[in-house]
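Hey, can you work out the whole structure from these sequences and the hints?
There are 4 protein chains.
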Amino acid sequence: MEIGIGILGGGYMGKAHSVAMAAVGAVFNTPLRPRLEMICASSAESAERYRAAYGFARATADWRELVADPKVQAIVIATPQSTHRAIAQAAFELGKPVLCEKPMGADLADAEAMVAAAEATGTPNMVAYNYIRTPASQYARQLIAEGAIGDVTAFRGEHTEDFLADPNAPATWRTTGMANGTMGDLAPHMINGALALIGPIESLIAEVETVHKTRPGGNVTNDDHAQIMCRFANGVMGHMFFSRIATGRKMGYAYEVTGTKGAIKFDQEDQNVIWLYKMDDPEAERGFRKILTGPAHPDYEPFCQGPGHGTGYQDQIIIEARDFLHAIHSGKPVWPTFRDGLDVARIVHTALRSAQDRSWKDVPSKG
Amino acid sequence: MEIGIGILGGGYMGKAHSVAMAAVGAVFNTPLRPRLEMICASSAESAERYRAAYGFARATADWRELVADPKVQAIVIATPQSTHRAIAQAAFELGKPVLCEKPMGADLADAEAMVAAAEATGTPNMVAYNYIRTPASQYARQLIAEGAIGDVTAFRGEHTEDFLADPNAPATWRTTGMANGTMGDLAPHMINGALALIGPIESLIAEVETVHKTRPGGNVTNDDHAQIMCRFANGVMGHMFFSRIATGRKMGYAYEVTGTKGAIKFDQEDQNVIWLYKMDDPEAERGFRKILTGPAHPDYEPFCQGPGHGTGYQDQIIIEARDFLHAIHSGKPVWPTFRDGLDVARIVHTALRSAQDRSWKDVPSKG
Amino acid sequence: MEIGIGILGGGYMGKAHSVAMAAVGAVFNTPLRPRLEMICASSAESAERYRAAYGFARATADWRELVADPKVQAIVIATPQSTHRAIAQAAFELGKPVLCEKPMGADLADAEAMVAAAEATGTPNMVAYNYIRTPASQYARQLIAEGAIGDVTAFRGEHTEDFLADPNAPATWRTTGMANGTMGDLAPHMINGALALIGPIESLIAEVETVHKTRPGGNVTNDDHAQIMCRFANGVMGHMFFSRIATGRKMGYAYEVTGTKGAIKFDQEDQNVIWLYKMDDPEAERGFRKILTGPAHPDYEPFCQGPGHGTGYQDQIIIEARDFLHAIHSGKPVWPTFRDGLDVARIVHTALRSAQDRSWKDVPSKG
Amino acid sequence: MEIGIGILGGGYMGKAHSVAMAAVGAVFNTPLRPRLEMICASSAESAERYRAAYGFARATADWRELVADPKVQAIVIATPQSTHRAIAQAAFELGKPVLCEKPMGADLADAEAMVAAAEATGTPNMVAYNYIRTPASQYARQLIAEGAIGDVTAFRGEHTEDFLADPNAPATWRTTGMANGTMGDLAPHMINGALALIGPIESLIAEVETVHKTRPGGNVTNDDHAQIMCRFANGVMGHMFFSRIATGRKMGYAYEVTGTKGAIKFDQEDQNVIWLYKMDDPEAERGFRKILTGPAHPDYEPFCQGPGHGTGYQDQIIIEARDFLHAIHSGKPVWPTFRDGLDVARIVHTALRSAQDRSWKDVPSKG
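These protein sequence lines are chains A, B, C and D, in that order. If you use the working numbering, the first sequence corresponds to residues 60 to 426, in order. If you use the working numbering, the second sequence corresponds to residues 60 to 426, in order. If you use the working numbering, the third sequence corresponds to residues 60 to 426, in order. If you use the working numbering, the fourth sequence corresponds to residues 60 to 426, in order.
It is possible that part of the hints are untrue.
Identical copies carry no separate label here, and so any pair may be met within one copy or between two of them.
[To be verified] Below, in silico cross-link-like pairs of lysine to aspartate or glutamate (DMTMM-like), each with a Cα-Cα straight-line distance of 25 Å or less:
no., residue 1, residue 2
1, 272, 339
2, 272, 210
3, 324, 225
4, 272, 61
5, 420, 261
6, 320, 210
7, 324, 205
These are calculated hints, taken from the structure and not from any lab test.
As structure tokens, then:
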């Protein structure tokens with residue numbers, strides 16, 4: 060059964076979602092088969108250019124037109140964060156399912172409003188945290204849940220890149236607006252990952268810093284890097300570090316999970332490997348196993364029957380598309396929903412508050 | 060402009076090519092946009108199953124019907140090697156471009172006949188050596204060609220997997236027929252890579268061995284592993300090892316290239332990394348650089364604007380589809396053509412002869 | 060010229076210092092040549108056993124006898140932390156140089172008293188922080204000092220091991236006494252390293268935790284793991300993690316230093332490698348260089364003329380012995396002196412205070 | 060009980076053995092305790108310089124004087140290969156045990172004469188193959204012998220360095236004389252390793268090449284790199300590569316052993332790690348384990364009680380010294396004896412012959 064897809068935004072993530080929608084049916088043999096119906100961009104010219112490039116039927120520069128179009132049956136939001144809320148609300152009012160890029164909105168208020176709209180209308184909704192969907196990270200999550208490493212005692216995570224490491228890199232839209240800083244742009248990925256791997260975060264203390272306060276072309280008004288010490292509800296001690304100036308790091312979504320019976324390490328720069336240590340190996344044979352993902356791991360086989368052949372960035376978005384289609388088709392929520400995304404927004408919000416008055420803060424519970 | 064694609068074979072590689080044809084337009088904004096027209100499999104039932112799963116318009120169990128169909132304008136051969144020759148010849152007679160899975164045919168005679176047919180008709184043709192198309196290996200090729208590591212002095216390559224490492228793995232179609240053995244199935248990839256990276260091979264001596272001569276269910280009549288010492292035309296000393304019983308290796312397409320000014324290392328199990336050593340770094344700072352592929356490397360950016368985010372197995376097939384479409388659209392040969400594939404077949408053939416009488420052999424030159 | 064060495068303690072570190080004193084002359088051609096004069100252990104039997112094993116002339120169970128012996132001209136303290144202060148004070152009163160194992164004493168008061176004694180008598184003194192003396196870490200220090208990675212913006216360090224990771228490992232002397240916990244036993248190494256690499260720490264907030272509060276045989280009264288967020292005097296944001304329950308980690312003395320022009324990574328489990336990233340490499344060639352230590356790096360060549368041949372744990376202690384002998388021979392202080400060790404003790408003390416009331420603390424300045 | 064040691068040669072290996080003899084007693088608590096009695100070098104001046112530096116009692120420029128000296132009770136030969144035979148014969152005639160650096164002599168005839176002399180006199184003798192004595196390689200040997208990886212099916216080894224990779228590096232004594240080429244200088248280490256790990260080699264075919272035939276200052280008359288395809292007596296297929304021009308490789312003594320139930324990988328540049336793959340791990344958890352050496356592995360604990368703390372190059376020589384002293388003390392042969400070294404010499408000799416007429420050769424059996 061076909062489903063008409065409308066995508067808002069044609070840049071980095073807009074393209075990724077377009078390719079994913081083009082490929083997901085063949086990869087996963089999904090019951091719902093996406094039809095690239097309409098794409099929206101900031102100008103008629105760019106919209107038409109994206110339409111032709113990605114293979115959509117129609118283009119528009121008016122997001123309301125896309126949302127309202129009767130042939131558009133599901134929406135993917137890949138526009139700047141400040142626009143997410145209005146688009147999502149409009150879609151939900153029409154009962155159209157929404158897959159929204161992270162972070163959910165420009166701030167906590169946006170996120171809360173978006174959850175309210177989604178839940179009031181009962182429309183399928185999902186936040187696009189792609190990194191936690193690699194076969195390796197899905198497997199890590201499964202290993203921890205099954206107790207393969209015993210009781211978790213410590214967690215360390217990071218999301219580090221270096222696209223602004225050069226102090227002479229010019230000021231751009233990325234260097235203004237809290238949602239475009241490291242806490243808004245990168246931190247949500249790893250926070251979402253931490254919640255998925257370890258569970259809810261109870262309290263935290265954060266530092267949030269603008270290292271390079273001016274850049275050619277203007278002042279910088281958001282953060283370059285940040286760190287959080289946190290305590291999970293299950294008692295685990297945690298630390299997370301986020302940076303866009305981490306020289307040498309390109310896709311440093313990485314974590315280490317220590318347990319009483321083993322440990323797990325992962326680094327997105329080597330996304331097809333999961334490192335697993337098991338204490339019950341004989342002492343002389345104990346070591347971190349470098350496990351290459353393969354058909355024995357979640358969501359790998361549809362991409363390739365051979366282990367170690369590897370999945371890539373685009374494949375994560377394809378897995379995400381499959382999940383979004385499943386949420387629509389089954390009518391059942393698929394993690395992470397907007398409500399799950401709100402948990403992330405609350406932690407970001409609490410971290411910003413903590414950094415301001417330099418003290419431990421409790422994370423507000425769901426409610 | 061649309062082009063109707065017919066794919067023969069719906070299994071491992073048939074699916075990979077189907078997904079690639081579904082996605083390639085959106086990824087590369089190709090002038091020719093594939094339409095999944097018809098798929099052929101060994102039975103009507105399986106053909107229909109593949110059709111539905113991958114999103115083809117029609118299905119058939121008769122390869123001649125697919126080749127002859129007027130709406131099928133280009134052919135991808137992903138059936139067993141013994142069938143390649145007849146299919147390719149039929150396609151070329153109708154002037155239909157062919158992308159053929161490696162190895163080209165069941166033996167050297169097949170390969171020669173296929174080149175003759177391609178060249179007699181002047182039809183676009185290409186062999187599907189996907190591994191040499193990763194951004195990392197394309198970049199390695201470019202570095203060597205530009206002299207970044209000086210004059211090459213030594214080459215070591217391998218294509219090692221372990222899908223038959225267990226002596227108790229049962230006999231199957233893979234364990235009979237020379238084209239299904241390691242020399243037929245795996246060696247061609249690395250031989251093609253060696254030719255691309257270093258240049259023509261002049262002479263060689265080989266060992267080809269069936270380690271496990273019987274398996275549950277039958278005798279094994281092809282090779283488990285093999286090795287070649289070779290001399291390239293430019294004087295470089297080389298060695299290649301191929302194995303399907305290399306316990307622990309999953310996608311061991313790996314090479315090391317040593318030059319007078321530097322060196323390059325690559326392993327497909329870590330396909331997003333190329334290791335580069337440069338002798339002109341200051342002595343204390345010399346070391347292999349672990350370079351993560353990114354937009355600075357060939358064919359990466361269409362998949363992702365962020366370096367280190369990584370491409371995967373399926374993406375190689377998408378790059379291949381782009382190249383095949385380009386060969387059709389431009390009317391110009393795109394490497395590796397069937398003639399290039401014949402070079403590989405000649406080396407495989409020479410290696411088998413060398414292994415039989417245990418002596419150095421010259422590789423017949425192009426003729 | 061010979062110098063009579065007296066070593067207190069014959070276990071883990073006592074042996075390491077004994078071997079170092081036996082080998083250091085031949086390795087470094089030191090002007091002062093150690094003579095293994097006397098060893099002291101907790102009983103006459105064990106002292107005699109160590110004497111025979113390590114090759115000392117004499118043995119004693121009375122540390123005062125060793126310190127007072129006229130043929131003992133320099134002292135190495137490798138006994139439990141609670142004994143360091145009295146021994147050092149006695150040695151200094153006799154004008155005998157002291158190399159003292161870390162941490163300096165049982166607490167901050169000990170460390171202060173020891174510095175006072177050392178400085179009052181003007182006797183050579185040194186604290187045994189061996190890990191910062193590997194060729195790799197010396198080189199890292201040098202690179203940072205020379206500005207090879209520009210201005211440092213972030214530091215992450217850890218000292219993690221897993222010798223108490225198993226919750227069923229029994230209670231021992233290691234599980235009581237603050238100086239034997241992770242903050243006392245492991246943290247000082249990495250704190251000293253951070254000070255050497257980055258500079259003074261201005262303020263910090265810490266968490267210190269006993270994860271396994273009881274073990275077979277008794278209650279645990281010191282900490283299993285701890286973490287610190289800190290701010291260096293030069294503005295660098297830092298984080299350190301210390302653990303004796305870090306399952307899978309054996310010698311996890313590791314750090315990452317991020318700068319505006321490059322970055323450095325090191326892990327003691329791979330002690331012969333330093334990873335260096337330089338932003339001024341051409342974009343396509345940028346990557347962390349895996350530099351194997353060799354004669355181009357500090358203190359490597361005396362161990363081997365061949366790069367990549369590697370130094371080991373014992374060699375660090377030999378370098379330390381060379382430095383201690385140099386301090387004695389030259390009469391000039393060699394880093395880290397007791398005063399430098401006091402800086403570490405102050406940070407440990409501040410961290411323990413911070414953990415108690417869960418707030419940021421300034422680290423008291425030298426005074 | 061003391062034993063007077065005489066060492067011939069004070070350079071690279073002479074120093075290593077001197078340090079080893081100074082330290083071995085304290086490390087291993089050996090029954091025989093070495094006394095550095097006399098050192099011999101090519102001139103009286105250099106001999107005296109080495110004496111003072113390493114701590115010997117006396118020096119000489121006359122090797123016969125050292126061998127004949129009554130206080131010299133055991134001999135270590137670390138002079139150029141062409142001198143080994145005469146020295147060893149003289150020592151054996153006086154019944155003095157000999158530890159001889161590899162390769163045993165300048166050629167096969169030397170090696171045979173040296174074995175004859177050793178066996179005729181029944182004097183303890185040993186060849187100094189240090190690399191196979193790391194805890195990691197000893198453990199690899201043990202794992203294979205115990206069947207941990209099943210039946211071995213393939214072996215790949217290399218000994219690669221790059222000290223002559225630069226074509227402009229000048230001609231020296233290293234670039235003349237077959238025993239100083241790669242086959243004489245580096246290959247014996249890995250051949251000895253292969254024999255230890257896998258067993259006797261039955262037949263082989265080799266290539267031996269001088270890549271850079273002239274260098275500033277003269278012609279090069281020995282080999283830069285070489286390779287061997289071989290067949291072990293137990294049927295295993297093997298390959299070895301040796302190079303002194305392997306740009307980027309510093310201590311590339313590396314091997315991969317493939318078995319029916321697992322596999323082992325090792326690289327001397329990371330000498331404290333052994334990689335072990337076991338097929339009987341659950342499929343999803345299968346991966347090469349990165350095992351850090353520690354007290355659970357052979358000969359590690361005397362250097363350090365903590366796993367992962369690492370041993371280095373010098374420690375291998377200390378282990379060797381312990382073994383030599385044990386051979387003397389026990390009166391029992393300790394592997395590798397001169398006879399074991401002769402096996403290596405025979406393989407080198409056969410490889411040189413094979414390379415000349417480019418054909419497979421049987422390796423002469425022990426006789």
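Here is what the structure says about each hint:
1. 272 <-> 339: Answer is between; shortest inter-copy Cα gap is 22 Å, intra-copy 50 Å.
2. 272 <-> 210: Close across copies (15 Å), not inside one copy (42 Å); limit 25 Å.
3. 324 <-> 225: Between copies only: 19 Å across, 29 Å inside.
4. 272 <-> 61: neither (50 Å within a copy, 51 Å between copies)
5. 420 <-> 261: both (9 Å within a copy, 23 Å between copies)
6. 320 <-> 210: within (7 Å within a copy, 32 Å between copies)
7. 324 <-> 205: Close inside one copy (16 Å), not across copies (31 Å); limit 25 Å.
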